[in-house]
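Enquirer: Residue-level listing of the chains:
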Amino acid sequence: MTRLNGGLVDRGTTLSFAFNGKSYAGHPGDTLASALLANGVQLMGRSFKYHRPRGVFSAGSEEPNAMVELREGARQEPNTRATVTELYDGLIARSQNHLGPLNRDLLAMNDYFAPFFAAGFYYKTFMWPRAFWEKLYEPMIRGAAGLGRLSKQADPDAYDKGFLHCDLLVIGGGAAGLAAALTAGRAGAQVILADEDFRLGGRLLAESHTLDDAPATGWAASVAQELASLPNVRLMTRTTVFGVYDHGVYGAVERVADHLATPGPRVRQSLWRITAKRAVLAAGATERHIPFADNDRPGIMLAGAMRAYANRWATAPTRNAADPVAVFANNDDGHRTALDLMAKGVPVLGVIDPRPDAPRLGDYDLFAGGVIDGTKGRLGLSAIRITQDGRSSWHRCGALGVAGGWNPNVHLASHHRGRPVWEETLLAFVPGTGGPSGLFPAGAAAGKGSTAAALQSGMEAARKALAEIGIAATALSLPDAEDAPIRQAAFWHVPGKRRAWVDFQNDVTVKDIALAHKENMRPVEHLKRWTTLGMATDQGKTANISALAVMAELTDKTIPETGTTIFRPPYTGVSLSVLGGGDTGAHFRPKRLTPTHHWAEEQGAVFVEVGAWMRAQYFPRPGETHWRETVDREAKAVRAGVGLCDVTTLGKVDVQGADAGEFLNRLYSNMMGTLAVGKVRYGLMLREDGHAYDDGTCARLSEDHYVVTTTTANAGPVYRNMEFARQCLWPDLDVQVISTTDAWAQIAVAGPKSRALLERIVDEFDLSNAAFPFMACAEMTVCKGLRARLFRISFSGELAYEIAVPARYGQALMARLMEAGADLGVTPYGTEALGVLRIEKGHAAGAELNGQTTAQMLGLGRMVSQKKDSIGAIMSRREGLAADRRRLVGLTPVDPAATVTPGAHLFAEGAARSMATDQGWITSAAFSPHLGSSIGLGFLEDGETRMGEILVAANPLEGQETRLKVVSAHFIDPEGERLRD
Amino acid sequence: MRFSGFRVVKEALTGHKGWGMLWRNPDPKPAYDIVIVGGGGHGLATAFYLAKTFKQARVAVLEKGWLGSGNIGRNTTIIRSNYLLPGNEPFYEFSMKLWENLEQETNFNSMVSQRGIINLYHTDGQRDAYRRRGNAMLLAGADARLLGQDEVREIAPFLNFDNARFPIKGGLMQPRAGTARHDGVAWGYARGADMRGVDIIQNCEVTGFRIEGGKVQGVETSRGYIGAGKVGVAVAGNSSRVMAMAGMRLPIESHVLQAFVSEGLKPTIPGVITFGAGHFYVSQSDKGGLVFGGDIDGYNSYAQRGNLPVVEDVIEGGMALMPMIGRARLLRSWGGIMDMSMDGSPIIDRTEIDGLYFNGGWCYGGFKATPASGYAFAHLLATDRPHETAEAYRFDRFARGYVIDEKGVGAQPNLH
Amino acid sequence: MLIPHPLLGLRDSQEFTYLGDAALMDRPDPAGGNAEAAFTDYVFLRDNPAGVHRELWFHEQGDRSWLVVTRDTVTHEILGAELARDVKLNEEGAQ
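Chains as they are written, first to last, in this note's numbering: chain A, 1 to 981; chain B, 982 to 1397; chain C, 1398 to 1492.
Everything labelled a hint here was simulated from the structure, so no lab data went into it. A couple of the hints might just be wrong.
If you want a taste of the chain B side facing chain C, the calculated C-beta under 7 angstroms gives, among others [stated by the list, open to error]:
hint, residue
1, ARG1222
2, PRO1232
3, TYR1280
4, ASN1281
5, SER1282
6, MET1323
7, ALA1392
Cβ atoms here follow ideal geometry from the backbone N, Cα and C, with glycine treated the same way.
Please take these sequences and the hints and turn them into a complete structure.
Expert: Written out as structure tokens, the structure reads:
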């Protein structure tokens, strides 16, 4: 055990957990990493490429090494950073990316072949023989690559999403963030304070600083307490703001239950879209390391992380309490690690500082002007080699803290592609001026690294931000705090022949960067892509600046001249589950149910997805063993008797106003203004590019009132286009439109007995052919007073009507019609029978109106009026459209037992099967119970002149060829006598 | 220097001392026979084929940033030739054949991996449309298979077959489709072009065209004037901006497409899978990341970044389709600017200005087209005749009514 | 994105459907000379500026107004929003 005194862990409670099958104990307040360190466990994982043994490197979300598979079964979560995994009782974790046990990873042999795996090596080989890539090389590489494993089971937990609004979003709850939130909170502003940690305080929790001569952790706790008491402040710990989007929208993930064994009734995580009038970026800074030979052994970590483990988690970073610890620092801040560890009773070997004039800040051995240029220890650090004044010596060492300076966390400030700017006094990039508007960097994120400067800048940023939105905030009286100047050397790496790691996870070394330079992969984006530097799970947080410095040195440029890669969301990894939220599985999209849905369910209907709608596909009856049997029965019932079908899904638009007729004239290719009141007309719409768009009916209910229908698929778009025409093209017309698709239930009553059925429900209305002929419409009442609209239109080709009633009466109407027509054999039919009936009549539907066809192709060329302009009329006359000779035809199999298959292509008999000889394709097909064979519709070159010709329908995809005869698309009642009867 | 396994071993044993620069950093010459504007995938491929196939000796590629920084630097790496329309399918199949020999041709491993693509269908109507498409592919000499639900389940048992809002009924598969390592493609072409004498000039932004008497004379650049016999523009994403300098308006809008990659995972997803009831496509990289995308954001943009609603929409689709990916984390998202054309298909054509040629309008499908686009553009630049597979990609198809509209949505770029 | 609806204040862009350049409001005269060429330009060609862009958004999940939004396509900053109907009527009034 290497547990120290003090710290912010609750020793009164013991939590047990397992790592790689072995049980350990920790305390509330621990992370998995701190608890493992406290148990003397240094080896936690393996690197990506060379499978080098790795231990914890950081104390935060930037961790590149200590990645584990957390939990088991369907909850298994790969690549989980042990450094931010809050310990809970019963936690189970396993190390990942190794073959065999962690301490004897068979894939570690990769390390012996490392010279062969230099940057970009795979671009230069594995090319011969060609077929070996997919069969051998790639599977081998893929198997060795990757990090953790998915369970391949569906995530069992629940997730949610929500919106939040505030005046000021404070990102980060360290010194700067707390000061900003307190300033704004006291001013009465609506504040959200979000921090990725489970406890507010940021670096204050990790340092031994005092504020007003009291421990800084106490100040943080009291501010947190005051903020919690303010009703206008929302504190969100365990919440990462991962991205900045346009106009003050921030994406954040709250880990609601990740600190529990299972979420129980709670969601595991929530996605918040936070709309903030202003925001303060107080995300702190990330320490950087200094590459030197063999700098990747377990036990070598960031000096600041080492302080955090000692101060906050009361943990020495060594395997044994007696092992001495060293610090390698190019700056004063790093020396504090030695001081803090000594204060905790940890033996300190000394501080190695390459600055010849490095100060000694306490009672430790100082190796000024010295460097570390070698380490030992296969599975954990055992010794370091210090070179000073040209003399090298090995020293026993159990852990090493490396302090290479701090990089402000500028990520969010750069999400709008504004580049950070180099600040030479800090030797770091700070947020540039081109950041997201309304985002104010503060504290260490803005390069204000001392506690005093962070507090001050947090307060000032909040005041400035709030002033812009008219909220005056008074200055806080800030506590006295350390204000140490930043003193550091531009010392970026220790030169040497052995490998010095820059990017730990992806195993990118200084040598790889030198090779990239040699091969002219010098632009920073090339460097990144050639070496995979910065492409690991930390997105270069621990590697990029060091790498830039090395490349700058090689190219004899400055670091800012060398540039930075682009910062992209998310700031840290975000689970795909929470980004999907609850809108997955059966809830992926809402279901739209028709007014008769529940009635249809009771009838045992089978439903089918039609866009967002669920429609009854067919209504099987007991004894029917195959869907075709049902559909044949339903289709025959319509042609012989009467059938009912819910057609509510068709779009309906109410068009009213003195200019309604003129308006519709401009929208439909055919004349609508001349339609008589009480009449319906079939209408065709074109897109402005001249192609066929949508079809439907226009009914004129009164002089200034039309009701039009659209196809189900285009209900939304057509209405949108109508509003576009009304508001953007012709606002001078006196016309109003409103979508009424959901307001009216509409039921098709089709078949020779449909009139007889309707006569039983209409209230005193003459339905005789003379009084209410084909294409008549009327408003009326049915069922003793229910408001209804009746249209005598037919999709089936039979005598038919569509009756509309207010949607809430749809189900009752359906039930009433079923009851009233029982003796007529009334039969509900679904979309399958509807399809059979329309194919038998040659009516176009989605497969024919697919947006690629023209009015002429559909046989509707004459509907494009030459007497008036309408949308698309001009462009429909272009050569390419006018010259298109493909026409809609009917197709029947020569062998009546054969099947017509939609999607087959049409060829002249004896012609080669090629694109050049392709003459068309089959759009729709069905078995016609009336013709006793399969029939189809299709587009065929010169179709209208080829009636009677025998073609071949080729379906090489399924190895089929079928001989078909070209016939009229109107298979049934081609003269249209039945519907006028 | 020829790359090979032998060479890699030799260098490993001799301290990597022998590697040279992958390409030179030449200064611009005063004039070239052919200047390609844009050092992205299409521009580099054009230069490669100009030098290799069409034996053009004096060729330069001008790139305003670093080579390969176009959309070839950020995409979802899918290659396929599963188109429907006669104007498209032969071209993309030509591209697929070039992909199949790319590495041997460039002596650079671009990791062309033919692991197959499956486009899932969820309705009978979709199945029929895919059958039509699959047959069109076979008729054009490509490969295709129509899979039933059981066959899809066998290949991808992790898909949501149990409680899907839109049940998976099957899929159209192209076994020869797959992915390629996008940067590797750019670098392979760049190195191959450079070896054959093409000057690839990075950090050289074209700021104007010098046009006299209706003929292009050369280009003004951030590194001075460069004369040119012919200028080929291949700057998809920025086409309108660049061609405006020559006084042209294009049938193109610039839109942002976001793409996504997860943290590295052990092998999980076999090939490329696309969702037919939402917009989501995914594959897994050799490094282990799930690489996926969906719809464009839908508004004109040059910002190279997108917004949260589309992030959510894409990942909702992914989670609905394959709920087992939920415990993986999104590592990075990015946005690229697409030339969204008015019919969803590209343009490779001469312009009204003599000597000025245009290649663009790739929507978000340009990556797979890279080899054929480069070859066809090189053919056009070298011979002044369109390549036989790219004859339909003309400017005047809009005026004349010969659009190539695979989706059938008309002149609405954000729906293509 | 947030769209400053002239009647309803800031609304989430998810409530809107985007169409494109506001020049789509200027439908050519179908009876004019060379109407086919004018329509070809109108339907297919776009300025597509990198910078300030006047564009049409439809408040589909809201009050069903078509708006002309002025937005910078490089920064996404929104410089203003008007009811398309007002814009069109003002244009016509000015002529």
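Enquirer: If you test the structure against every hint from before, which numbers come out violated?
Expert: none
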